[in-house]
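Construct all of the structure, not just a fragment, from the sequences and the given hints.
Here the protein sequences come in this chain order: R and U. Each residue of the first sequence is one higher than the one before, counting from 1 in this note's numbering. Each residue of the second sequence is one higher than the one before, counting from 1 in this note's numbering.
Everything labelled a hint here was simulated from the structure, so no lab data went into it. Certain hints may be false.
Within a straight-line C-alpha distance of at most 25 Å, the following computed SDA-like cross-link-like pairs (lysine to any residue) qualify [unchecked claim]:
1. R:K319 with U:H363
2. R:K95 with U:L370
3. U:K319 with R:T247
4. U:K331 with R:E218
5. R:K95 with U:N372
6. U:K319 with R:L79
7. U:K331 with R:L79
8. R:K197 with R:G166
9. U:K319 with R:D248
10. R:K319 with U:L85
11. U:K319 with R:R280
12. U:K88 with R:A374
13. U:K319 with R:E317
14. U:K88 with R:S322
15. U:K319 with R:K95
16. R:K319 with U:L217
17. R:K88 with U:E18
18. R:K394 with U:H363
19. U:K14 with R:A76
20. R:K319 with U:H178
21. R:K88 with U:T318
22. U:K319 with R:E86
23. R:K319 with U:K190
24. U:K88 with R:L327
25. U:K88 with R:N320
26. U:K319 with R:Q82
27. U:K95 with R:L370
28. U:K319 with R:E218
29. U:K319 with R:L217
30. U:K88 with R:L370
31. R:K319 with U:E218
32. U:K319 with R:L370
Listing some non-contacts, in silico: residues in chain R with all C-beta distances to chain U over 10 Å [said to hold, decoys possible]:
33. A27
34. E48
35. G98
36. Y198
37. G405
All values reported here derive from a predicted model rather than from experimental measurement. The beta-carbon is built from N, C-alpha and C at its ideal position, and this holds for glycine as well.
There are 2 protein chains.
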Amino acid sequence: MKIRFYNARILTMKDGEEIYEGEVWTADEKLSYVGTKPETITETFDREIDCRGNVIMPGFKNAHTHSGMTAMRSYADDLPLQEWLETKIFPLEAKMSGEDCYELSKLAVLEYLQSGVTAVFDMYLAPYDIAKCAIDTGMKFVQVSGINKFGPSVEEMEKRYLEINGKSPLSYFKIGFHAEYTCDLELLKKIAELAHKYKQPMWAHNSETRAEVDGCLERYGKTPTELMDSLGMFEYGGGGYHCVHMTDNDIEIFKKRGLIVVSNPGSNTKLASGIAPIQRFLDAGVPIAIGTDGPSSNNCLDMFREMFLVTGLAKLETKNASAVDGLEVLKMATVNGAKAMGLDDADVLEKGKEADLIMIDLHQPNMQPLNNIAKNIVYSGSKQNVALTMVHGKILYENGEFFIGEDPEEIYEKANEIIRRLSA
Amino acid sequence: MKIRFYNARILTMKDGEEIYEGEVWTADEKLSYVGTKPETITETFDREIDCRGNVIMPGFKNAHTHSGMTAMRSYADDLPLQEWLETKIFPLEAKMSGEDCYELSKLAVLEYLQSGVTAVFDMYLAPYDIAKCAIDTGMKFVQVSGINKFGPSVEEMEKRYLEINGKSPLSYFKIGFHAEYTCDLELLKKIAELAHKYKQPMWAHNSETRAEVDGCLERYGKTPTELMDSLGMFEYGGGGYHCVHMTDNDIEIFKKRGLIVVSNPGSNTKLASGIAPIQRFLDAGVPIAIGTDGPSSNNCLDMFREMFLVTGLAKLETKNASAVDGLEVLKMATVNGAKAMGLDDADVLEKGKEADLIMIDLHQPNMQPLNNIAKNIVYSGSKQNVALTMVHGKILYENGEFFIGEDPEEIYEKANEIIRRLSA
Numbered sequence: 001m002k003i004r005f006y007n008a009r010i011l012t013m014k015d016g017e018e019i020y021e022g023e024v025w026t027a028d029e030k031l032s033y034v035g036t037k038p039e040t041i042t043e044t045f046d047r048e049i050d051c052r053g054n055v056i057m058p059g060f061k062n063a064h065t066h067s068g069m070t071a072m073r074s075y076a077d078d079l080p081l082q083e084w085l086e087t088k089i090f091p092l093e094a095k096m097s098g099e100d101c102y103e104l105s106k107l108a109v110l111e112y113l114q115s116g117v118t119a120v121f122d123m124y125l126a127p128y129d130i131a132k133c134a135i136d137t138g139m140k141f142v143q144v145s146g147i148n149k150f151g152p153s154v155e156e157m158e159k160r161y162l163e164i165n166g167k168s169p170l171s172y173f174k175i176g177f178h179a180e181y182t183c184d185l186e187l188l189k190k191i192a193e194l195a196h197k198y199k200q201p202m203w204a205h206n207s208e209t210r211a212e213v214d215g216c217l218e219r220y221g222k223t224p225t226e227l228m229d230s231l232g233m234f235e236y237g238g239g240g241y242h243c244v245h246m247t248d249n250d251i252e253i254f255k256k257r258g259l260i261v262v263s264n265p266g267s268n269t270k271l272a273s274g275i276a277p278i279q280r281f282l283d284a285g286v287p288i289a290i291g292t293d294g295p296s297s298n299n300c301l302d303m304f305r306e307m308f309l310v311t312g313l314a315k316l317e318t319k320n321a322s323a324v325d326g327l328e329v330l331k332m333a334t335v336n337g338a339k340a341m342g343l344d345d346a347d348v349l350e351k352g353k354e355a356d357l358i359m360i361d362l363h364q365p366n367m368q369p370l371n372n373i374a375k376n377i378v379y380s381g382s383k384q385n386v387a388l389t390m391v392h393g394k395i396l397y398e399n400g401e402f403f404i405g406e407d408p409e410e411i412y413e414k415a416n417e418i419i420r421r422l423s424a
Numbered sequence: 001m002k003i004r005f006y007n008a009r010i011l012t013m014k015d016g017e018e019i020y021e022g023e024v025w026t027a028d029e030k031l032s033y034v035g036t037k038p039e040t041i042t043e044t045f046d047r048e049i050d051c052r053g054n055v056i057m058p059g060f061k062n063a064h065t066h067s068g069m070t071a072m073r074s075y076a077d078d079l080p081l082q083e084w085l086e087t088k089i090f091p092l093e094a095k096m097s098g099e100d101c102y103e104l105s106k107l108a109v110l111e112y113l114q115s116g117v118t119a120v121f122d123m124y125l126a127p128y129d130i131a132k133c134a135i136d137t138g139m140k141f142v143q144v145s146g147i148n149k150f151g152p153s154v155e156e157m158e159k160r161y162l163e164i165n166g167k168s169p170l171s172y173f174k175i176g177f178h179a180e181y182t183c184d185l186e187l188l189k190k191i192a193e194l195a196h197k198y199k200q201p202m203w204a205h206n207s208e209t210r211a212e213v214d215g216c217l218e219r220y221g222k223t224p225t226e227l228m229d230s231l232g233m234f235e236y237g238g239g240g241y242h243c244v245h246m247t248d249n250d251i252e253i254f255k256k257r258g259l260i261v262v263s264n265p266g267s268n269t270k271l272a273s274g275i276a277p278i279q280r281f282l283d284a285g286v287p288i289a290i291g292t293d294g295p296s297s298n299n300c301l302d303m304f305r306e307m308f309l310v311t312g313l314a315k316l317e318t319k320n321a322s323a324v325d326g327l328e329v330l331k332m333a334t335v336n337g338a339k340a341m342g343l344d345d346a347d348v349l350e351k352g353k354e355a356d357l358i359m360i361d362l363h364q365p366n367m368q369p370l371n372n373i374a375k376n377i378v379y380s381g382s383k384q385n386v387a388l389t390m391v392h393g394k395i396l397y398e399n400g401e402f403f404i405g406e407d408p409e410e411i412y413e414k415a416n417e418i419i420r421r422l423s424a
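Here you go:
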């Protein structure tokens, strides 16, 4: 399938490249041309899309989420974190089947597509079912293991790692664990060994709350970052989700090990976890990616809200309106996300890269006038500006319609059935 | 024109009323029926709209904005407040004509409609042109005077007050001024006299930044709230925009005088002004309304973003995830906004009230499953959920299309022409 996007504004997200008028062509899952309009075009296409001056840019990478938690969206708002988790979320999750996870992840896929997300870094129950969801819907899922002392075992994680990877360019599985506070030392050591065996990066929730860091200090005399580093977990890179309560030494370790922070400001805000020190990360040269976290703590899977919050909260925290430039944020939400997820060919628009792209509709009032399009995507953009989402060469969302092989209404109905059953 | 909305979920926003399945009928500019489906319907309608289970609720009231600033959206992001104002905004505004204001306000109207806003509390240049914009587009504008020591005079404000009010149910003008720091004492006293003469409430920017409060304390030994109160400005109520840096005594004055806080968290965040003490206002029983502020500081005119920020920032500030309940926020964005603007008949859905309503599309992934619809509008809602906006009995926006008497593309073109000319 060859598609030509013409009459577009191209935002490649390559360093130093500004928006320019041009074209993007795709051939199956790859970009076959990115540039100004060629003088003569001999190529033939299956479809030619007049972009009417709209922006074509890389899709957003949602670098931390729990897709299957859609069932619990607005199931328990306005509760303190521990009460929310222990009395509302855990009891439901205990009853959730693999098939439930599959259906609930499909609901999340709809929302990702509507928000211009072309790949997600997902941590949840039932990885085989989630891999099936990726392949069935066409969305790109990089899963990360969320094991903890309640299960599954490191051996099972290894099995998943070996079995899920290599089956489809839409589905990946990475070594990781839930968080220090849900693991014991012996388990953490075994997880570190596995990362060494396969020379893989390490990912986990890290320093999301003050209580988490204090607990770790009490148990080990080390912050979560220091503990993980002391166990050799970061030999092959990786990073942490949330990273709200970070010491200078934690940031130094991230810098030294080439780790990536995945910030989740919507969730950190709604759960009152705190404001991540984004400007300090930037000053230290630590790359930042952005994730929505799960829909029961956020409640939406909307990278536009997250982008505004990343820079907005940094401006508030530093009392400086020029902190964390909007363009920097756009890079976090695209290029850095791809880097975190190991999707090295889905980061920028360039010939030969994977065709994971979105069209941003500028023919909307919140995008007018056209003073600074790239920054305005961060400061004013919304899901309603996403006119088209293409994942791995396939258009999965266009002008409000979904093309994932199932009627959204059926997916909504199943999600409602599941939460009724789980909460009964 | 009689319109029937049936098969709907009704959220009247009346105290203590939960969402229920029912119907809303409109007859010209009024609501003629709000309730469950009657057993027999003898009434005939010009149009019957099947809401497919979607929510019908009062439109949002954007209780503080500067609509005409759309030209400067993303014109100067990521700058400190003073530099932004003095080097970027003021020089452009000096060149702006009344006609420019008219066109730029039209652009804002498009965005309001898309965000489910049915009335705005607007402060900007050229009130007669803005009143014309209200009448021409069908949007409800309650303007407030923004006079200051650079102009216009109190006499001109009085003329506007007398001439703009009473002409159209879509257009109102209230007594007010820009802010303490742009007025001198003599001017403030004359403004107070005018409010007394007409027994009118008083509105102004108040305690938006730390520097503003410190400057006032230095000049008068009083905070802006204390100064205004000491001048008798609040004898007939009113309130303040922003109210970020408020003392206990300021809050006490607001309580005692029955004043309303209009919070603008998006702008306060982007300009690093600070977090308004929403929980303290609530604890003191001071009502809060919500506004977007102008599009050059926000950058979007999106009440959904503001609603999330009002509660989210309060949760962060108080380190308490249960601070400022989502339902409370929905009331701020609707009922309290109407109260602030003096639109006593546009607050809730009830027979005889004005037909200012919106339809929220629940057939979207971010609204599913249906666990707590009202709270989820606050925590997950987005412009893309607004299926229909009706102002004063007229549908001005439906399924992505605008009905304000002009092609949006023409409005976009004019806005681009204006900013090119102003910044030349």
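Comparing the hints with the structure gives:
Taken as a hint, the K319 of chain R and H363 of chain U pair is broken in the structure, with Cα atoms around 40 Å apart against an allowance of 25 Å. The hinted pair formed by K95 of chain R and L370 of chain U meets the criterion: a straight-line CA distance of about 19 Å does not exceed 25 Å. Among the hinted pairs, K319 of chain U with T247 of chain R is consistent with the structure: their alpha-carbon atoms are about 19 Å apart, no more than 25 Å. Restraint check: the Cα-Cα separation between K331 of chain U and E218 of chain R comes to about 44 Å, which exceeds 25 Å; the hinted pair is violated.
Of the supplied pair hints, the one linking K95 of chain R and N372 of chain U holds, its CA atoms being roughly 21 Å apart against a limit of 25 Å. Restraint check: the Cα-Cα separation between K319 of chain U and L79 of chain R comes to about 12 Å, which is no more than 25 Å; the hinted pair holds. Using a Cα cut-off of 25 Å, the hinted pair K331 of chain U and L79 of chain R holds, with the two alpha carbons roughly 19 Å apart. Simply put, K197 of chain R and G166 of chain R have alpha-carbon atoms about 18 Å apart, close enough for the 25 Å limit, and the pair holds.
Distance check on the hinted pair: K319 of chain U and D248 of chain R sit about 22 Å apart at the alpha-carbon level, within 25 Å; holds. Taking the CA atoms of K319 of chain R and L85 of chain U, the gap is near 17 Å; set against the 25 Å cutoff, the hint holds. Taken as a hint, the K319 of chain U and R280 of chain R pair is honoured in the structure, with Cα atoms around 21 Å apart against an allowance of 25 Å. Only pairs whose Cα atoms come within 25 Å are accepted, and K88 of chain U paired with A374 of chain R is accepted, the gap being roughly 19 Å.
For a cut-off of 25 Å, the pair hint linking K319 of chain U to E317 of chain R stands: about 14 Å separates their Cα positions. For the suggested pair K88 of chain U and S322 of chain R, the alpha carbons sit about 14 Å apart, so the restraint of at most 25 Å is met. Of the pairs offered as hints, the one joining K319 of chain U and K95 of chain R is violated, with about 31 Å between alpha carbons and a cut-off of 25 Å exceeded. About 21 Å separates the Cα atoms of K319 of chain R and L217 of chain U, which keeps this hinted pair within 25 Å; it holds.
Proximity of K88 of chain R to E18 of chain U is assessed by CA-CA distance (about 22 Å); at most 25 Å being required, the pair is judged to hold. A distance of roughly 24 Å separates the Cα atoms of K394 of chain R and H363 of chain U; the hinted pair therefore holds under the 25 Å criterion. The hinted pair formed by K14 of chain U and A76 of chain R meets the criterion: a straight-line CA distance of about 23 Å does not exceed 25 Å. In summary, the hint linking K319 of chain R to H178 of chain U is supported, as the alpha carbons are separated by about 24 Å, within the 25 Å threshold.
A distance of roughly 22 Å separates the Cα atoms of K88 of chain R and T318 of chain U; the hinted pair therefore holds under the 25 Å criterion. Straight-line distance between C-alpha atoms of K319 of chain U and E86 of chain R comes to about 19 Å, which keeps the hinted pair within the 25 Å bound. Using a Cα cut-off of 25 Å, the hinted pair K319 of chain R and K190 of chain U is violated, with the two alpha carbons roughly 36 Å apart. The suggested pairing of K88 of chain U with L327 of chain R holds, with an alpha-carbon distance near 19 Å, which does not exceed 25 Å.
Our distance criterion of 25 Å between C-alpha atoms is met by K88 of chain U and N320 of chain R, whose separation comes to about 17 Å. Pair hint K319 of chain U plus Q82 of chain R holds up; C-alpha atoms about 13 Å apart against a cutoff of 25 Å. Note on K95 of chain U and L370 of chain R: the hinted pairing holds, with a Cα-Cα distance of about 19 Å set against a maximum of 25 Å. The straight-line distance between the Cα atoms of K319 of chain U and E218 of chain R is roughly 22 Å, inside the 25 Å bound, and the hint therefore holds.
For the hint linking K319 of chain U to L217 of chain R, the alpha-carbon distance of about 21 Å falls within 25 Å, and the restraint holds. Restraint check for K88 of chain U and L370 of chain R: the C-alpha separation of about 16 Å stays at or below 25 Å, so the hint holds. For the hint linking K319 of chain R to E218 of chain U, the alpha-carbon distance of about 22 Å falls within 25 Å, and the restraint holds. Between K319 of chain U and L370 of chain R, the direct Cα distance comes to roughly 39 Å. Violation of the 25 Å bound is thereby established for this hinted pair.
In this structure A27 of chain R is separated from chain U by more than 10 Å, as the shortest Cβ-Cβ distance comes to about 30 Å. No Cβ of chain U approaches the Cβ of E48 of chain R within 10 Å, the least distance being about 22 Å, so the stated non-interface status holds. Here G98 of chain R stays apart from chain U, with its beta-carbon at least about 19 Å from theirs, past the 10 Å limit. Against chain U, the non-interface label of Y198 of chain R holds: every CB pair exceeds 10 Å, the least being about 35 Å.
Non-interface call for G405 of chain R relative to chain U: holds, since the shortest CB-CB distance, roughly 15 Å, exceeds 10 Å.
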